[in-house]
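Asks: Going line by line, the protein sequences match chains A and B.
Quick note: the first sequence uses our numbering, first residue 1, plus one each step.
Quick note: the second sequence uses our numbering, first residue 1001, plus one each step.
It should be emphasised that the hints constitute simulated quantities derived from the structure, not laboratory data.
Where is the CB? At the ideal position from N, CA and C, for every residue including glycine.
A few of these clues could be false.
Covered stretches of chain A, as calculated for chain B (at least 3 residues, CB under 8 Å) [unchecked claim]:
hint: 1; region: 16 to 22
hint: 2; region: 26 to 32
hint: 3; region: 40 to 46
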Amino acid sequence: MMEYIGVDEGRVNFAWVSAAEGGRFGELVKEVTEKVKKLGPNKGIVPSQEAGCCCGCKS
Amino acid sequence: MRMQKLASAIQDAAKKLLEEKKVDLVVGFSRGSLPLRSTPCFIRKPEDAAKLTWDCSCENNLANYLRRRQDRVAVVAKGCDARSIVALINENQIDRNNLYIIGVPCSGMVDRVKVDAALEGKDLIDVEEKGDTLVLKAKGVTMEVKTGDLMHDTCKVCRYGNPVVYDMMIGDPVPAKPEDNFADVAAFEDLSPAERRAALAAEFSKCIRCYACRNACPMCYCTECFVDCSAPVWVNKSTGTDDNIMFQAGRVFHSAGRCADCGACDRACPMGINLRGMTRKMVKEVKELFGYETGVNLDDKPALAEFKADDPQPFLVKE
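Sequences and hints are given; from them, build the entire structure.
Replies: Okay, structure coming up:
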C-alpha cells in the first residue's frame, strides 16, 4: 500500500525480531540503513512542488 | 415498473413487520426532493410504511445505521449493504437476532455524476425506468440511456448484487457476474512510483477533509477517529496534499479486510475524488494474500482476526 501511494520500493521495511535478539536487530538495522542510503533522499509522497510546509500552507 | 413492484412489496413487508410488532424500526429509502435522490428513511409506524421506495438511486449503505442498536430493526438491504452487515455482525457491532433483513437483489445503482454528464449539466427534471434503459428528462431534452452505462463504477464490478444474508427476499435474483479482475488497480500498480505520486497528488489536492467518506462508511465506527485525535496528532488536520493522502491511506489501512467495496465513501465525496482507487488496492491485497473477501460468509473469520502459521508475508525484509 505504501508503495502503491508512491513511496519508493524498498523504503518501507518490515521484520519480526524478538526482544531477546539484540544482535539480529542490529544487523537488520544496518542492512536496511544501507539499502535506504542507496535509495537516496526520500522523494515524499507528493511531488515536491505540490508539498506545502508542515502546517499545510503552500509556503 | 419493476422497481415500483419492488417498492410496494417492500412497503407491504415493512407494514406487516411493524403491525405484528416484530420490529420497532424499519430502515429503508424514501423519495428525495429531486429525481434520482432517494434518501435513507426511518419508519416507526405501520401507516408510514407507504413512504418507502425502491429505485435505481438507493445508493447509500444502510448498514451504517445498524450498529449497536438496542431496538429491533428491519433493514432494506441490497448486496453491498448485506456484505457490510455480515462484516459488522462478525465484529460484534450488530446483533443478528435483533435484525431483520429485507434483502433486495440489486443490479446496480445510478451515478448522478454520469447522468449530469449525459445531460451536459442540465438539471434533471424527471426520470422514468423503461426496461433496461432510463428516460432522462431535462429542460428541452429527453434522452434514453442504457441504465448499465449510468451505473456507479463500483456496481459495474460488483459480484454480490444478491444479498448474502436475508430473512426475506424481495424480487428476483440478479444473474451472476464474472470475477472482478481489479484491472483498474493493476493499471495503477504498473505506473512508476513518480507517476503514481503525480496522479495521487492531482486527485488528493482536491480533498477538503470534510470526512464525508469516513462518515458514509459503515465500517468507520471508532468512537474517536484517528483523524480527530489531537494528542497525539496522528495526521495533520490541514488540507495539504500529502496530509490528505496520508489520511486516506490511514483510513484504507484501518479498513483492511473489512471493506466490502460498496463505494459509499466514493459516492459521498463532494469533491469527486476517486477514493476507490485506494480502497480497492487493499481489497485486492487482502483477497490475493489471504483469499478473503469481506462479508460474503457469516462463518468466515475476518482476515485480521485470524492467524495461520503459513500466512503469506511477502512484505517482510528479505534476509
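Asks: Confirm or reject each hint.
Replies: To see whether the hints hold, each was checked on the structure:
Proximity of the region 16 to 22 of chain A to chain B, defined as three or more residues with a beta carbon under 8 Å from a beta carbon of that chain, is not established by the 1 residues found. Residues of the region 26 to 32 of chain A lying with their CB closer than 8 Å to a CB of chain B number 3, which satisfies the three-residue condition for coverage. Restraint check on the region 40 to 46 of chain A versus chain B: 4 residues with Cβ-Cβ distances below 8 Å, three needed, restraint holds.
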